[in-house]
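Enquirer: Starting from the known structure of chain B, arrange chain E on it as the hints suggest.
2 protein chains.
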Amino acid sequence: MKHVHYTEVELEIPKEQGIKDIMIRWLISKKDGAENFAMRLFEIQPEGYTPLHQHDWEHEIFILEGNGAVRDKTSEKSFKQGDVFFISSMEWHQFANTSNKMLKIICLIPYKK
Amino acid sequence: MKHVHYTEVELEIPKEQGIKDIMIRWLISKKDGAENFAMRLFEIQPEGYTPLHQHDWEHEIFILEGNGAVRDKTSEKSFKQGDVFFISSMEWHQFANTSNKMLKIICLIPYKK
Chain B
1 MKHVHYTEVE LEIPKEQGIK DIMIRWLISK KDGAENFAMR LFEIQPEGYT PLHQHDWEHE
61 IFILEGNGAV RDKTSEKSFK QGDVFFISSM EWHQFANTSN KMLKIICLIP YKK
Chain E
1 MKHVHYTEVE LEIPKEQGIK DIMIRWLISK KDGAENFAMR LFEIQPEGYT PLHQHDWEHE
61 IFILEGNGAV RDKTSEKSFK QGDVFFISSM EWHQFANTSN KMLKIICLIP YKK
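These protein sequence lines map, in sequence, to chains B and E. Okay, so the first sequence: first residue is 1 according to this note's numbering, each after it adds one. Okay, so the second sequence: first residue is 1 according to this note's numbering, each after it adds one.
Just so you know, these hints were derived from the structure itself, not from any lab. Careful: at least some of the hints might be erroneous.
Pairs involving identical chains hold if they fit within one copy or between any two copies, as the list cannot separate such chains.
Claimed, not checked - List time: in silico EDC-like cross-link candidates among lysine to aspartate or glutamate, alpha-carbon distance up to 16 Å: (1) Lys101 with Glu91; (2) Lys30 with Glu10; (3) Lys80 with Glu8; (4) Lys104 with Glu43; (5) Lys101 with Asp21.
So that you can see chain B by itself, here it is in the shape it has in the complex (with noise of 0.2 Å):
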């Protein structure tokens, strides 16, 4: 059993393209055993952002902390601590920090077998 408190974990920089002020936490992943999801932290600052994409991968979201936006391609749609999202495969995405405050987002990701 692993057991942890999330400021625990490693805070990394993520390597993705197209990022602003976010740092990433694997709270769980392949390291851990984790063989069929991953379980990330991001926080991200003000002004801060996740890239505007899409993947054939899902994602289960959930705000732990502070409130931001979340765009596709053609709109923009505010968000709060405790809401839920799931995103489906391709479909475009962003999450963004419009708060003067820290955005804390729970997301996880399938591993591909």
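Expert: Chain E alone, transformed into the frame defined by chain B:
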């Protein structure tokens, strides 16, 4: 894209034996098109608990609110808000609310292929 606040998702009584004062919300499931894993939220009253059990799938867990204790057959360890657990397949586990406030746990499980 599914987007809801977690409190908008139906609060159900789990069917498992050996539980006490627990309700569950299936935040993301096959109903939403999730084919690889499901996100559930457990709301556990003071003195409530999940079953002491084992099974051949893993859990990925984030403690959203409250305090409690995780148990196996021989030991007990306390946990708090922001703690993360990876419970491997076949590991014995039980989550109990040992406080006087509600305990809220995000718990993800794989869909078996």
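Enquirer: Now tell me, hint by hint, if it's right for this structure.
Expert: Hint by hint, here is what the structure shows:
For a Cα distance limit of 16 Å, the shortest separation of Lys101 from Glu91 qualifies neither inside one copy, at 27 Å, nor across copies, at 39 Å. For the homomeric pair Lys30 and Glu10, the shortest alpha-carbon distance inside one copy (15 Å) is at most 16 Å, but the shortest distance between copies (32 Å) is not. Taking identical chains as interchangeable, the C-alpha atoms of Lys80 and Glu8 lie at most 16 Å apart only when they sit on different chains, with a minimum of 13 Å there against 25 Å within one chain. When the C-alpha separation of Lys104 and Glu43 is checked against a cutoff of 16 Å, the pair qualifies only within one copy, where the shortest distance is 5 Å, while the shortest distance between copies is 21 Å.
Taking the shortest Cα distances, Lys101 and Asp21 sit within 16 Å of each other inside one copy (13 Å), while across copies they are farther apart (35 Å).
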